[in-house]
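Q: Residue-level listing of the chains:
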Amino acid sequence: MMRKKILFALFLIFPFIFTACDSKSPEHNNRVIIGISADVNIFNPLFTISVDEGAITELLYLSLFDYRWNEVKGGIEAGPMLAKRWEWAVDSSSLKIFLRDDVYWTDGTPLTADDIVFTFDVYSDPIVQSRLYGTFEDLFVDEDNHIDVSKTFSVNSSFEFEVNFPANSVPNLDVISPSIIPAHIFRDLKRDELSYSEQNFKPVSSGSYYLKKWDKNQTITLAANKSSFLYDEDQIDEIIFKVDPDYTSKIIQLKKGKIDLLELVKVEDIEELKSNSELKIVPVIGREYDYLGLNNIDADAYSNGEVVPNKYFGSGNVREAITYAINREEILNERLLGYGEIAATPVSSIFKSVFNDNVKPYQQNITKAKNLLASEGWDDVDQDGILEKENEEFSFTLYYPSGNPLREFASMRVQNNLKAVGIDIKLEVVELGTLIEFLFERKINAWMLGWYIPIPVELKPYWYSDLESTPLNFANYRNVKVDSLLDLLQTNIPAEKRTEIIKTFQKMIHDDEPVSFLYWVPNICVYNKRIAKINITPLGTVSHCWEWRLQ
Amino acid sequence: MEIAIKNSPEKLFIATEKQTGKAFAKRFLTSLITLFLLVSLIFVFVRLSPGDPTKKYVSAQLSPELSQKISEKFMLDKPVIEQYFAFLLNSVKGDLGVSYNFRQPVMKVVWEYFSFTLVFSTLSIFLQIIFSFSLAIFVARRKNTFLNKAVSDFSLFIYSIPSFVLGVFLIYLFSVVLNLFPISGLKSLDYDSFSFWGKILDQAWHLALPLITLSAAGTAMFYKYIKEGMDDVLHQSYILNLRSSGVKEKVILKKHVIPNAISPLISVAGIELGVLLGGALITEVIFSLPGMGRLTVNSILTRDYPLIIGCVLTAGIVMIIANYLADIIKIKFDKRLLKGLLN
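Residue numbers (the numbering used here), protein chains in the order written: chain E, 25 to 575; chain Z, 3 to 345.
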C-alpha cells in the first residue's frame with residue numbers, strides 16, 4: 025500500500041519537476057525561437073521550393089549580392105555580400121566581380137570563383153533539375169538551357185572573375201544572384217543523384233549561421249557561424265525554427281514567450297495580442313492579393329482547341345460591372361478588420377517607384393454595374409431576378425478552396441453582392457490541389473484565389489496572351505497591346521522607361537479588368553520585444569537575422 | 003502435437019499442428035491478396051483523381067520546362083498502366099520509389115514517422131488496456147453501488163468527447179493555466195544536454211497530454227466491453243455453482259470471469275491498435291507530433307504518389323499484423339476459438 029502511495033506521489037510531482045527543468049537556463053537565453061507551420065524537406069538551394077525552405081537556406085548559403093528593401097523607393101537594391109565590388113563594362117556586355125577573400129565554408133575550405141562557376145553550371149544542368157533550371161536565358165546557354173560556362177565565365181583568379189552576357193540579352197545582377205553551393209562537396213557526386221544526396225541534409229555552408237541540428241518535424245536549430253565575416257560577438261547564438269502545424273498552439277506559445285516570432289498571424293488575434301506588453305505587432309501589406317477569377321475565354325471551346333470569348337466574362341464591360349457590384353470595403357473591414365488594402369491592379373503600392381497611383385480601385389456602384397450589364401445585352405426579361413441574354417441566364421458556379429475562411433467569406437459576399445445586380449452564383453468548395461488542376465486545365469468559369477507577387481515585379485507569366493507559354497494566366501486574358509508592353513519589359517531598357525511601361529500596364533489592366541481584384545492581404549508579424557534591430561520588410565522576416573540583437 | 007479443444011461437453015475437437023499451420027497460411031495468402039488489391043486500387047485512384055504533383059514547380063520565378071522535366075523524371079508523362087507495371091516491378095525488388103517532397107526513398111521516410119507512431123500507439127494501447135481493465139475489475143467488486151453507475155456514466159461521457167476538444171482542453175488546463183505540461187512537441191530544446199533518464203522523463207513529460215488525449219476514448223470503450231463481458235459471465239450458472247462451493251471471489255474473478263470476458267476486448271484492441279498505427283492525425287496535429295497520420299494527409303494534399311502508396315501499404319500491413327496478434331492472443335486465452343479460425 026505504501027509503495028502505491030509513493031508511486032502516486034511521484035506521478036503527481038513529475039510535471040512540476042519538469043516544469044522547473046524547462047525554464048531557460050542563462051546559457052540558453054541568447055536564442056530566438058521562430059514558429060513555422062511545416063518542416064523543411066531539404067537544405068540545398070538547388071531544390072528549395074517552400075518559403076521557409078528558401079528563407080533558411082538563404083541564411084546558410086550566401087549569394088554574390090545582398091538584396092535589401094529600400095522603403096523610400098519601394099524596391100530592392102543590391103549591395104555587396106560575397107562580391108565585395110563589381111564593375112560593368114561600358115557597353116554592359118560583361119561584369120567583373122571581385123570576391124571577398126575571407127569567406128570560408130564551414131569545413132574550412134575557402135569560397136572561390138571556382139564555386140561560383142560550378143554553382144551556375146549545376147543550377148542550369150537539365151539532369152539536375154534544380155528549381156532555377158531554364159531561367160538563365162540572359163546568359164550563354166545551349167539548346168538544353170544549360171549554361172555554357174566557358175563562354176559565360178572568365179576566371180581571372182580565385183577571387184576575380186567576369187560574367188559575359190550575350191548580345192540581345194538583358195544584363196542584370198539578378199540572373200547571378202542565387203545562393204552559391206560548395207563545389208568541393210558536390211563536384212564528385214553524380215548529377216542525376218544530386219537531389220537525393222545526403223549532403224542536402226548535412227549542409228556545408230557559408231552563411232552567418234550553420235545548421236547545428238535538425239530534429240525532423242520538431243526544430244531546426246541554426247547556430248552562429250563564428251568564422252563568418254558577418255559575425256560579431258553581439259550576434260544571437262541560435263535561431264531556432266520550431267515546427268508546429270497548429271495555429272492556435274503557436275499563438276499560445278507566442279503569448280507565453282515560448283515562441284519569439286510568428287508570421288501570418290490572423291487579424292482576429294491582434295486585439296488580444298496588443299494587450300501583451302512584451303509583444304510587438306508589425307503588419308506588412310503587399311505581396312499577396314485575393315481576386316475573383318473570371319475565365320475570359322470559353323472553357324468548352326478551349327478544350328476543343330478553339331479560343332473564343334467566354335459567354336459571361338468575355339466582355340470587359342461585364343467584368344468591370346462585376347467589380348462595381350462587389351463591396352470590397354465591407355470584406356476588408358469585416359474580415360480583415362481594416363488591415364490590408366483594396367486592390368486595383370496586380371501591382372502593389374509597396375512598389376512605390378512603379379506603382380501607378382492614378383489608377384483608383386472601382387468603388388461599389390450598383391447602378392453603374394447594372395447599366396454596364398444592360399449595355400452588353402443582359403436583361404431580366406422574365407422578371408425572376410436573374411439577368412438573361414439570348415435565352416441564357418447569368419448563372420455560374422464559383423469555386424473556392426477549402427481551408428481558407430477569408431476566401432470562403434469573400435465568396436459568400438460576392439454571391440450576395442452579385443445577386444443584387446441579377447447574377448446568380450452557385451458556390452462550390454474544392455480542395456486546393458484540385459482547384460489548381462482545374463485552372464491549369466482552364467476548365468472553370470469563376471474561382472476565388474490569391475497570387476503571391478514575386479520581387480522584383482514579374483507580370484508576363486500572369487498576363488501574356490500566349491496561353492501555352494504562360495500557364496499561370498488562369499484568366500486567359502488576351503490583349504495584344506498589353507503583350508507588347510510585357511515584351512518590352514523583357515528587353516534591355518532604361519529604368520525610367522521600365523517604370524513608365526509598368527505604370528501604363530496598370531492603367532490598361534484596370535481598364536480591361538481581366539479579373540476582379542479584391543484586396544491585398546496583410547502579413548501580420550508578431551515578435552517579442554526582447555528582439556531588437558529587427559527589420560521586417562516585404563523581402564521577409566529572417567533575411568538579415570544576423571543583425572538582430574537581444575535586449 | 004495435437005491441440006485439444008472443448009467444442010462442447012460431449013464432443014472433443016482435435017486440431018493438428020498441420021491444420022493450424024494451413025489455416026494461418028491461408029489467412030496469410032488472403033492478407034497478401036488484400037494488400038495487393040489495396041495498393042493497386044490506391045495507385046490507380048490517386049493518379050486518376052484531380053491534381054498534379056509537378057504543378058508546384060510552376061511559378062512566375064520558375065521555368066515552365068522544369069515541371070516538364072520533373073514529370074519525365076517521375077514517369078508521370080507515361081500512361082498509368084505503364085507507371086503501374088514499373089511500380090510493380092520495383093516493388094517486387096523492395097523499392098517503393100522516391101518521395102517527391104522528401105527526395106528520399108519512401109521506405110526511409112515512412113520508417114522515420116512510423117517509428118514514432120509505433121511507440122506512441124503501443125504505449126496508448128497498453129494504457130487503454132491497463133486502465134480499462136483495472137477500472138472494470140474495480141467496479142465489478144462494487145456491484146449495485148453509486149460508484150459503479152458513476153464510472154459507467156463517466157466512461158460514456160469521455161467516449162463521446164471528440165479528441166480535438168479533449169486535447170485543446172488539456173492544453174488549456176495543464177499547459178496554459180497550470181503551466182505543468184508543454185504545449186506541443188516531442189522533446190525540450192535542451193534535450194541533448196539531458197542525461198539518459200532525463201531524456202526518457204522529458205519525452206514522457208511531453209507525451210503525457212497526447213497520450214491522455216489519444217487513449218481516453220479507447221479506455222472508455224474497452225471498459226465498456228470488459229464490463230459487459232464480465233457481467234455476462236458473472237450471471238452464468240457455473241459462477242453461482244463456484245460461489246456455492248466456497249471458491250473465493252478473487253479466484254472466481256481471476257480464473258473464470260476474466261479469461262472468459264477478455265475475448266471481445268482482444269478483438270477490439272487488435273482493430274484499435276491497427277487504426278492507431280495507421281496514424282492519429284488529430285492528436286498529432288494538436289500536439290505537433292511527427293506521426294503517420296500527418297505524413298499520410300500531407301502526402302495526399304501534396305500529391306506525393308509514391309509516399310501515399312507507402313503510407314497506405316504500411317497502414318494495411320500493421321492492420322493485418324495487429325489482427326493476427328489479436329487472434330493469437332485470443333486463442334491463447336480460449337482454445338475453442340481456434341475452431342472458428344480453422345473454419
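Rather than coming from a laboratory, the hints here were simulated on the basis of the structure. There could be a bad hint or two in this list.
What the hints assert, rightly or not - Here are the simulated distance ranges between beta carbons:
no.: 1; chain 1: Z; residue 1: L91; chain 2: E; residue 2: S181; range: 46 to 54 Å
no.: 2; chain 1: E; residue 1: G409; chain 2: Z; residue 2: S51; range: 33 to 41 Å
no.: 3; chain 1: Z; residue 1: Y174; chain 2: E; residue 2: E524; range: 54 to 62 Å
Glycine is no exception: its CB is placed at the ideal position from the N, C-alpha and C atoms.
Q: Does each hint hold? Answer for all of them.
A: Do the hints match the structure? See the list:
no.	hint	verdict
1	Z:L91 / E:S181: 46 to 54 Å	holds (52 Å)
2	E:G409 / Z:S51: 33 to 41 Å	holds (37 Å)
3	Z:Y174 / E:E524: 54 to 62 Å	holds (57 Å)
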